[in-house]
Amino acid sequence: MRNDKTIPRIAIGALTLIMSGAAYAEPVEVQWWHAMNGVNGERVEELAKKFNESNDQYRVVAVNKGNYDEVINSTIAAYRAKRPPHIVQIYERGFMTMLLSDAIVPVQDLMDKTGHKVDWSDFIKPVAGFYSYKGKLAAMPFNSSSPILFYNKDQFQKAGFDKPAETWGEFDKQLYAIKKSGAAECGTALATDYHWSLIENYSAINDQPYATKANGYNGLDTEFVYNKTLVVPQVARLKKWLDDGVLQIAGQGFSPEQLFTSGKCATYFASTAAHSGIERNSKIAWSATFLPWEEGVQPKNSTIGGAALWVIKGHKPEEEKAIAAFFDYLAKPETQLWWHKATGYVPLTNKAYEMAKFEGYYKESPTREIAIQQLNRGTPTDNSLGFHFGNFTQSMFAQREEVEALFAGKKDAQQAMDDAVKRGNEVLRQYERLNKGKY
Amino acid sequence: MVATTHEPGLKHAHFQTAGLPALLLLPQLLILLFFFFIPSIRALMQAFLLTDPFGASVHFVWFDNFTALFASDSYRNSIWVTIWFTLAQNVVTIAVALVLAFATDRVVRFQSGYKSVILLPYAIAPVIAGVMWAFLFNPAVGPIAFFIKALGFQWDPNRNGSDAMLLVVLAASWKHICYDYIFLVAGLLAVPRSLMEAAAVDGAGPIRRFSQIALPLLGPTLFFLTTMNFVYGFFETFAIIDAVTRGGPAGATNILVYKVYQDGFVNLDLGSSAAQSVLLMTFALLLTLLQFKYVERKVNYSI
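Residue numbers (my numbering), protein chains in the order written: chain B, 1 to 439; chain W, 1001 to 1303.
If you're looking for bench data, these hints aren't it; they were derived computationally from the structure.
Among the hints, erroneous ones may be present.
[To be verified] DMTMM-like mimics (lysine to aspartate or glutamate), calculated; alpha carbons at most 20 Å apart, straight line:
id, chain 1, residue 1, chain 2, residue 2
1, W, K1149, B, D244
2, B, K410, W, E1197
3, B, K117, B, E320
4, B, K422, W, D1242
5, W, K1149, B, E320
6, B, K65, W, D1156
7, B, K240, W, D1156
8, B, K82, B, D122
9, B, K436, B, D418
10, B, K436, W, D1242
11, B, K410, W, D1073
12, B, K411, W, D1156
13, B, K264, W, D1156
14, B, K239, W, D1242
15, B, K422, W, D1105
16, B, K411, W, D1073
[Unchecked claim] Part of the chain W face toward chain B, derived, beta carbon under 7 Å:
id, residue
17, P1053
18, F1054
19, A1056
20, V1141
21, T1221
22, E1236
23, A1239
24, G1248
[Claimed, not checked] Derived list of chain W stretches under chain B, where covered just means 3 residues or more per stretch with a C-beta under 8 Å from a C-beta of chain B:
id, region
25, 1158 to 1168
26, 1263 to 1277
Ideal placement from N, C-alpha and C gives every residue a C-beta, glycine not left out.
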């Protein structure tokens, strides 16, 4: 994996050297590795182009390196080979891995050093809170999202409902009614990242502890506890839906989003960033609403997903200036507003959000506002701040395997979650051992 | 073996000094050094370390990575999955390839046409093949899945581990049948016509001619193919697993080589992944040795 990229990189390096020697007026170039593809990939290209045209000192080269897993792997390989890019887009699950890697420059330090004044307090709270460490932003928030509930308006009407109910209990009855009335073949399609919307965000919204130490915010000695919360009946409910044909798994080789956009399933829990795809592909009358909550609970905010931009350390001062100038451009309300409209990701600053409201954008596209309202709902508690776990991908993977064992009928819900917690805690202990005294 | 008596003569006849052969071997040795020995040694070292992905903190942990593996249910499960998967894949591949090869041997017209059709799957990239199989057997949209369900069978590889296993075995075999087929067709061509004709004259039917004359003569080829199929099952089915099941559901198709990738490049647990690679290599080595020690004895090389 590492070797096949060395030669092109040497070639690029040599070329840059020759070019910088020959024409000193050339703009300073920085490499940006990202994971966006499809519609959103085109937008990233557009963003880099817009920045490059806005000035003649700096140039950002956006390179797609595959999916989120592949980007972090390429970054690690490049860093170890001492040829890292300047900016990398890393998913929110990689926060702790990046933070304690000794490989990064905290973005707030970079901006201070290069003399850029960014009003960090204007960043919306759940996003700034997630990417902050000891009161400073460690990464530049970029594409942030939150899961929402998409639904098929016609099918709900046909079964006699206006829209999905607010509570899980009522929503459950609706899905059964929809299937029974024949309005739709299935109630809901299981999204690939269901653990994010239906387990993690479920815990946050219903104010259930997912782990000790404020879900990892207060120390590496955190332990998973979701086997003692409402998560257990929640996954049992999913299993019941699956058995009754209310829930459909799309499986490999087929996208669950298509089960929804083709009208086969009446609802779909997905990121607000699914907007661009659903708008482009669906022929159904759809709308979206907030994620449900349990009856009698005062719903809390949901948490973010998506990714942020990290600066890899060890680059020249003028390149750091270029990075800072690009981030400055990113933080501008106009850029934020354009990105929000073009992709469906949430606007990252309050100013951009105000501008969108002022323009009347949410009157024409009301579903675009749901994620922001849901993220800003109420005052965050320890349970709804977000999730800061070391090697989070690994413990999440264990949880998914255990849920699959439950779906296959090999374990009951309690057993599956107990095992997931046990495996997850081993992952946390390993991370703690490796990073003792660093957090 | 017969060849051994000729070997010393060969060596002396062609090279007077040690310099030229060494020079001729050098490119190959260099390639082995850079692409095999150095990575293997690094993997071996990594297997005894606990490190964070960026390499900032490194701890030497002795055999912790190995003991953790043998204590883990999912690793033991993965060993069993690999054994079943490779065995099943081996049997299916060889059986189908044998039938096809023998059938081709009996076809008089359009023989080359048949051959090219059978060889086609080999030209398809494993990932594409995997996606195609996953789609055809997808319980929500796949045409073959509809057919299976219409026959009254339960079918859901997304939930049911044995369905998923069946699916990847079929996909992996389908992709590899043509490989075995080429060798078997060539092997059958080498079976002396006179023997077959004599048997036919004596009144042996096609099945008997196949099982009592062709099959024993194909022994060396079959032995070679079994070894190759094991190597294929162990190391090269990664793309198919990734495209069809991603090792799921609940680890039911998580063969060892896929687990190495999953733990190393998705979960970023490099120490464990390296320990797994070392073990995987040891398994493969042991298996090949066993095959040569016990199976090869039963193979008759002289025709």
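How the hints compare with the structure:
Our distance criterion of 20 Å between C-alpha atoms is met by K1149/W and D244/B, whose separation comes to about 17 Å. At most 20 Å may separate the alpha-carbon atoms for a hinted pair to count; K410/B and E1197/W exceed this at roughly 57 Å. Taking the CA atoms of K117/B and E320/B, the gap is near 15 Å; set against the 20 Å cutoff, the hint holds. The straight-line distance between the Cα atoms of K422/B and D1242/W is roughly 26 Å, outside the 20 Å bound, and the hint therefore fails.
Taking the CA atoms of K1149/W and E320/B, the gap is near 60 Å; set against the 20 Å cutoff, the hint is violated. For the hint pairing K65/B with D1156/W, the CA-to-CA distance comes to about 33 Å; that exceeds 20 Å, so the pair is violated. Of the pairs offered as hints, the one joining K240/B and D1156/W holds, with about 16 Å between alpha carbons and a cut-off of 20 Å not exceeded. The suggested pairing of K82/B with D122/B is violated, with an alpha-carbon distance near 36 Å, which exceeds 20 Å.
For the suggested pair K436/B and D418/B, the alpha carbons sit about 26 Å apart, so the restraint of at most 20 Å is broken. Under the criterion of a C-alpha separation no larger than 20 Å, the hint pairing K436/B with D1242/W is inconsistent with the structure, at around 35 Å. Of the supplied pair hints, the one linking K410/B and D1073/W holds, its CA atoms being roughly 14 Å apart against a limit of 20 Å. Simply put, K411/B and D1156/W have alpha-carbon atoms about 18 Å apart, close enough for the 20 Å limit, and the pair holds.
Between K264/B and D1156/W the alpha-carbon distance is near 18 Å, which keeps this suggested pair within the 20 Å criterion. Between the alpha carbons of K239/B and D1242/W the distance comes to roughly 25 Å, so the proposed pair goes past 20 Å and is violated. For the hint linking K422/B to D1105/W, the alpha-carbon distance of about 58 Å lies beyond 20 Å, and the restraint is violated. Restraint check for K411/B and D1073/W: satisfied, since their Cα atoms lie roughly 14 Å apart, inside the 20 Å limit.
Annotation: P1053/W was flagged as interfacial toward chain B, and the flag holds, the nearest CB pair being 5 Å apart, inside 7 Å. With a least beta-carbon distance of about 4 Å to chain B, the hint placing F1054/W at the interface is held under the 7 Å criterion. The interface hint given for A1056/W holds, since its Cβ lies 4 Å from the closest Cβ of chain B, which is under the 7 Å cut-off. The closest approach between the C-beta of V1141/W and any C-beta of chain B is roughly 6 Å, which is under the 7 Å cut-off, so the hint is satisfied.
Because the closest C-beta pair between T1221/W and chain B is about 35 Å apart, greater than 7 Å, the hint is violated. With 7 Å as the threshold, the beta carbon of E1236/W stays out of range of chain B, its nearest partner Cβ sitting at about 17 Å, so the hint is violated. Because the smallest distance between the Cβ of A1239/W and any Cβ of chain B comes to about 12 Å, over 7 Å, the interface hint for this residue is violated. Taken as an interface hint, G1248/W checks out: its beta carbon lies about 6 Å from the nearest beta carbon of chain B, inside 7 Å.
Three residues within the 8 Å Cβ limit are the bar, and the region 1158 to 1168 of chain W against chain B gives 4, so the coverage statement holds. Requiring three or more residues with a Cβ within less than 8 Å of a Cβ of chain B, the coverage given for the region 1263 to 1277 of chain W holds, as 6 such residues are present.
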